[in-house]
Amino acid sequence: MAAVLASSVVAFGSVYSASPGAGPVSTALDQCLVDVQEAIAYTPPDDAAIHGAALMRLCMRPFLREQALWVGAGILGELLVAVLLYLLHPWWLYRRRRMRPIASGADAELLDELADMSRQAGLRRPPTWLVAPYSTTHGGQAFGLPGRRRICLDVGLLVRYDLDRAGFRAVLRHELAHLHNGDVDRTYLSIATWWAFVAVAVVPFVAVSLKPDLFRAREASDSAHPVAEVLFPIVALGVLTAVVYLARNAILRARELHADITAAGWDTPGGALGRVVNALPWPPVRTGRIGLGGRSRELLARLGSHPSPTRRALAVADPGATLQPGLAETAGYGIVLGLVLYNVSLTVGGLLEEYLVVGLALMSLGVGALLLRLLARAVFRTGTADVAGARRRQLLLPVVAALGFALSGPLSLTYAENFDLGGAGLLRVTELPVAAVILVAGLFLFTVWVRSVDTVLVESTGRSDRRRRLCAATAITVGAPLFAIWYATAFGGSILQGVQWHSTQSGWGIGWYVQMAGWTSLVHSYYPRVLVQFTPLATAGLVLLWAVPALLLGWFRRTGHRPPGVRRALRIGAVAGLGVIAVGLALPFAADAALPADVRHLPADFNVQELTGGEPLYFYLVYGNTYVAVAALLQAAGAAVVAARSTRLRPVLVPLAVTTTVAVATLGFYLSRGISDCLRLTGPGGRGCELPSFLPDSYITFHLALIATTGVLIAVPVALLAAAAGGLWRRRTHISRTHAGVIPTAVSTGRADATRGSARPVLAGGLAGLALLVLAGAAVEVPGNYAFLKPDPVPIGTHPVPPPERVEAVGDPCLVGTWREVSREFDLELAGRTHRIITTGTTQTFRPDGVVVVDYGNETRFTTTIERQRIDIIWSGQADARYEVQDGVIRYDAERSQESSTTVLIDGKVRARLLSASWTPDRYNCTTDTLIETPTDAGAWYRIELRRS
Numbered sequence: 001m002a003a004v005l006a007s008s009v010v011a012f013g014s015v016y017s018a019s020p021g022a023g024p025v026s027t028a029l030d031q032c033l034v035d036v037q038e039a040i041a042y043t044p045p046d047d048a049a050i051h052g053a054a055l056m057r058l059c060m061r062p063f064l065r066e067q068a069l070w071v072g073a074g075i076l077g078e079l080l081v082a083v084l085l086y087l088l089h090p091w092w093l094y095r096r097r098r099m100r101p102i103a104s105g106a107d108a109e110l111l112d113e114l115a116d117m118s119r120q121a122g123l124r125r126p127p128t129w130l131v132a133p134y135s136t137t138h139g140g141q142a143f144g145l146p147g148r149r150r151i152c153l154d155v156g157l158l159v160r161y162d163l164d165r166a167g168f169r170a171v172l173r174h175e176l177a178h179l180h181n182g183d184v185d186r187t188y189l190s191i192a193t194w195w196a197f198v199a200v201a202v203v204p205f206v207a208v209s210l211k212p213d214l215f216r217a218r219e220a221s222d223s224a225h226p227v228a229e230v231l232f233p234i235v236a237l238g239v240l241t242a243v244v245y246l247a248r249n250a251i252l253r254a255r256e257l258h259a260d261i262t263a264a265g266w267d268t269p270g271g272a273l274g275r276v277v278n279a280l281p282w283p284p285v286r287t288g289r290i291g292l293g294g295r296s297r298e299l300l301a302r303l304g305s306h307p308s309p310t311r312r313a314l315a316v317a318d319p320g321a322t323l324q325p326g327l328a329e330t331a332g333y334g335i336v337l338g339l340v341l342y343n344v345s346l347t348v349g350g351l352l353e354e355y356l357v358v359g360l361a362l363m364s365l366g367v368g369a370l371l372l373r374l375l376a377r378a379v380f381r382t383g384t385a386d387v388a389g390a391r392r393r394q395l396l397l398p399v400v401a402a403l404g405f406a407l408s409g410p411l412s413l414t415y416a417e418n419f420d421l422g423g424a425g426l427l428r429v430t431e432l433p434v435a436a437v438i439l440v441a442g443l444f445l446f447t448v449w450v451r452s453v454d455t456v457l458v459e460s461t462g463r464s465d466r467r468r469r470l471c472a473a474t475a476i477t478v479g480a481p482l483f484a485i486w487y488a489t490a491f492g493g494s495i496l497q498g499v500q501w502h503s504t505q506s507g508w509g510i511g512w513y514v515q516m517a518g519w520t521s522l523v524h525s526y527y528p529r530v531l532v533q534f535t536p537l538a539t540a541g542l543v544l545l546w547a548v549p550a551l552l553l554g555w556f557r558r559t560g561h562r563p564p565g566v567r568r569a570l571r572i573g574a575v576a577g578l579g580v581i582a583v584g585l586a587l588p589f590a591a592d593a594a595l596p597a598d599v600r601h602l603p604a605d606f607n608v609q610e611l612t613g614g615e616p617l618y619f620y621l622v623y624g625n626t627y628v629a630v631a632a633l634l635q636a637a638g639a640a641v642v643a644a645r646s647t648r649l650r651p652v653l654v655p656l657a658v659t660t661t662v663a664v665a666t667l668g669f670y671l672s673r674g675i676s677d678c679l680r681l682t683g684p685g686g687r688g689c690e691l692p693s694f695l696p697d698s699y700i701t702f703h704l705a706l707i708a709t710t711g712v713l714i715a716v717p718v719a720l721l722a723a724a725a726g727g728l729w730r731r732r733t734h735i736s737r738t739h740a741g742v743i744p745t746a747v748s749t750g751r752a753d754a755t756r757g758s759a760r761p762v763l764a765g766g767l768a769g770l771a772l773l774v775l776a777g778a779a780v781e782v783p784g785n786y787a788f789l790k791p792d793p794v795p796i797g798t799h800p801v802p803p804p805e806r807v808e809a810v811g812d813p814c815l816v817g818t819w820r821e822v823s824r825e826f827d828l829e830l831a832g833r834t835h836r837i838i839t840t841g842t843t844q845t846f847r848p849d850g851v852v853v854v855d856y857g858n859e860t861r862f863t864t865t866i867e868r869q870r871i872d873i874i875w876s877g878q879a880d881a882r883y884e885v886q887d888g889v890i891r892y893d894a895e896r897s898q899e900s901s902t903t904v905l906i907d908g909k910v911r912a913r914l915l916s917a918s919w920t921p922d923r924y925n926c927t928t929d930t931l932i933e934t935p936t937d938a939g940a941w942y943r944i945e946l947r948r949s
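Going by my numbering, the first residue of the sequence shown is number 1, and it counts up by one from there.
Quick caveat, the hints were computed from the structure, so don't treat them as lab data.
We put the beta carbon where it would ideally sit given N, CA and C, even for glycine.
Among these hints, one or two may not hold up.
Restraint ranges, calculated between C-beta atoms of paired labels, are given here [stated by the list, open to error]:
(1) GLY238 x ALA441: 27 to 37 Å
(2) ALA441 x THR268: 45 to 55 Å
(3) GLU459 x VAL155: 56 to 66 Å
(4) ASP907 x ALA725: 33 to 43 Å
With the hints as constraints, model all of the structure from the sequences given.
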């Protein structure tokens, strides 16, 4: 029902777009968006991004609200139709099968038998007994509304009463079991919802997809639509309808198995239920009417509303086997839940406006928790026995669930309705495999953690439902927010776009330094990682993964169960953390020796104009990123050692080692900072060699979360590879020793540490202190997390600069016209030296409407040699801005577009890409044929001479 309603959201949204009332709203929306583009055309890029998005949301608001009301009304109508069909199902069945009540004057023995079996079924009110006089089969049918249940007996079943009394009772027990289990409402509500979905949502959607102008007239130019644009939504709807239909049939099959199991509990020893079930025709007679044969009929029957006799007989013989989820069922969970989330996200997300990312995460949080709960339950039901089949089944469950969820995106109507055959659509297609791989890895890790902890719990403390629930709750608490962040970034297309290569503000001529700055900034700037960092579970989740099992297994008690790898994981994590400190202490000396002072020293003004397309990195940022990268690599190294050497509780011991490394590395950051201050590494303006430089400050929790999330991002794949390599090595060693005739030493099964009594409290205290330290850091960061996720208010009241056609021409008439450069001279700092650059070729056009256009042509090149290195500077492209003239100065109010660039090559390798146009004020001197431009700032120098063209 959830999948049906979620799919109806997009179906009704499409129907609204084709409705007569949507025409004026759509026209107003299109005009509003054009006005917004016109209004922000001459606004600076940063302001345009803020104002443009806010103004577009104002344009979209009437359309989205009208669409939401239409969708709400459509869903309400669909629900009313479903309820009506459910209420009418007794009348319809009674009329279609021409049922008749069993007369009270009929066989008294039969009536007594029916009443007695009703009492045995535990029904508070006996059903109304009916007969289908024209049905010669040997079955029955339970139906009816609450308070008035009915069971119809085929006339062939009444004949069986005299010939096979045991078989008659077996069929009656099955039908009474439906009433006992409460299956009637579930069954007929599912059927009613299916038909309401087809009638109210599918049929109108197909109609408006094939003929968009069905309900309102359109221009002739708008009537033609590409075939793919029409076909893709219909194909998606067909797949979706098949999924919903198969889900309905799965419910009906489960209902039949449940009734068989319940009836088997009432049956007498040697009863006839198994015999009756095995005698049922298979494939059913109905599938033969379609004209299929052989394997096609068999497959169609298995996807029908009734299970096969073999499956039903197995359920009666072993009811516990039916509780084990299959791979197809688990994939179905992922597909249906994915359809629910994807189809709702677009409509609801549009209403959330600036809270889109947060809203998507909150919407997906519940779906993620449900999906993880189903996976955890599947792991528990599969069992913990170390059997190859059970283990393989448990490891395949998250894979099929993740693939099902990932594939539901392209199958959803949201994707079909918004699919773009151009760049955006292709980019989304390329991101789909990456998003699917990340989800598979995440669900796989979740399943492995649950299985590992549950196995040890059963072995050490016995099976406990309370402990299992706590184990599952811990994994869901950590996993559901991560799933929500994955969905928010995957839905928004940030899985790949979140990776950005940042360039340096200074030192861009030093090749190795540029490479290091770029590589260390990749993980630091990865957008999904940033979202994880600014959530409380960034560090708290890492602790919960080992602290909760420690509590469940009694690591903090003298007599508790502690596997032998706990102390080793702590030691490895501490050694890795000390390694980070050692590198951190060496970094200031290495930077002081390898980099010149003008690269390391901070600029006097931190608000200097950004020359690069992305955020420029000063040395102190490169230094911090390098320390975090070293910490991440050593976290991964420690995790790899623990994963490779451990055989039990690897998913618990690896987070323990990583947490230890994170805590030690965070403290080491301040030691490294203190040494840097002592060396005056970033310039004379910094702090001196004082004690506060070595002490943690208010940013310690920020550094803790940054080091943790960056390290985990690298440690997870490394630990997986190390675990696989360790398993292969142990297997190879075992085989080699076996072939050599050496009896292998028994592998530890997880016995408690044989530590002395005095050492156990120390170890327990260390674990508790580590957990409390990191959890306290996560708690302190909660206000900052809230401030990060809360969008900044947009100053809607400040309007963007109006377009040029609405601005009166101002300025000196002498400037108006096209000017071509005779020479352009300016100073450029390269490799720590200032060089005079002289070039030409640029054209400036001052229009009377207050717009200046700077055209650099296809390629304007300047070449020189500095310290045996060839330097090439290439200008290209075009840019324009608004201008005004006052007191001999040209001032540029706002940049409209920036399609020009400056590329700097050193020995043929690109070292920097800069923006060509500089919109600082120019002091000018204009004559009839000559224009001279010089800077107004005494601290800068350039001279541009132009001739009128």
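Okay, the hints, checked on the actual structure:
Taking 27 to 37 Å as the suggested C-beta distance range, the pair GLY238 and ALA441 conforms, at roughly 31 Å. Distance hint check for ALA441 and THR268: the Cβ-Cβ separation is about 52 Å, which falls inside the suggested range of 45 to 55 Å. Checked against the hint of 56 to 66 Å, the pair GLU459 and VAL155 passes, with Cβ atoms roughly 58 Å apart. A beta carbon spacing of about 41 Å between ASP907 and ALA725 agrees with the range 33 to 43 Å that was offered as a hint.
Of the hints listed earlier, there is not a single one the structure fails to meet.
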